[in-house]
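Going by this note's numbering, the letters in the sequence shown line up with residues 529 to 671, in that order.
No wet-lab data here; the hints were simulated from the structure. Since this is a predicted model, take the numbers as computed values, not measurements.
List time: in silico EDC-like cross-link candidates among lysine to aspartate or glutamate, alpha-carbon distance up to 20 Å:
# : residue 1 : residue 2
1 : K555      : D622
2 : K598      : E660
3 : K598      : E558
4 : K598      : E609
5 : K671      : E558
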Amino acid sequence: MEGLVEILKSKKVKITEIPKWGAYLRKQWENIFANMISEKEKKSIYLYDNGGFHGYLWHIFSYDKKDCLKEEQAEKAFNNEQKNSCYIFYQNSDYALILENASKLIANDLTNELDIYVVDKGFNWTYVKTHETGYLGPYFTRK
Numbered sequence: 529m530e531g532l533v534e535i536l537k538s539k540k541v542k543i544t545e546i547p548k549w550g551a552y553l554r555k556q557w558e559n560i561f562a563n564m565i566s567e568k569e570k571k572s573i574y575l576y577d578n579g580g581f582h583g584y585l586w587h588i589f590s591y592d593k594k595d596c597l598k599e600e601q602a603e604k605a606f607n608n609e610q611k612n613s614c615y616i617f618y619q620n621s622d623y624a625l626i627l628e629n630a631s632k633l634i635a636n637d638l639t640n641e642l643d644i645y646v647v648d649k650g651f652n653w654t655y656v657k658t659h660e661t662g663y664l665g666p667y668f669t670r671k
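Given these sequences and hints, build the entire structure.
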């Protein structure tokens, strides 16, 4: 996280820390990107923590519940996306960031991050780098 902030600062990205917004942003993300599947399906793909299993929002991609680009295609799409204002948040933390002037943000900047979500302020697209990148993810999709 600290390394990411330094990378962003070096690229002249304006950063606003929003340390308690993670839960809110995860719920917004779920409402927009996982709105096509039922609560029962969400439980069956471990979207939420359940019975000792850790849940991940990105399971909508790994379980093929939502169309997305994967791996190098996802990175390329993310790198080419207009990124003026966006949010960065994590699966396992309520720490989040608002980025302004983020056009220079690229997938490689997130190399040391795990289970990180990047979404534009309107939740029109998202890029997710998982802790299983190389096996599952990264992923990119549009609303």
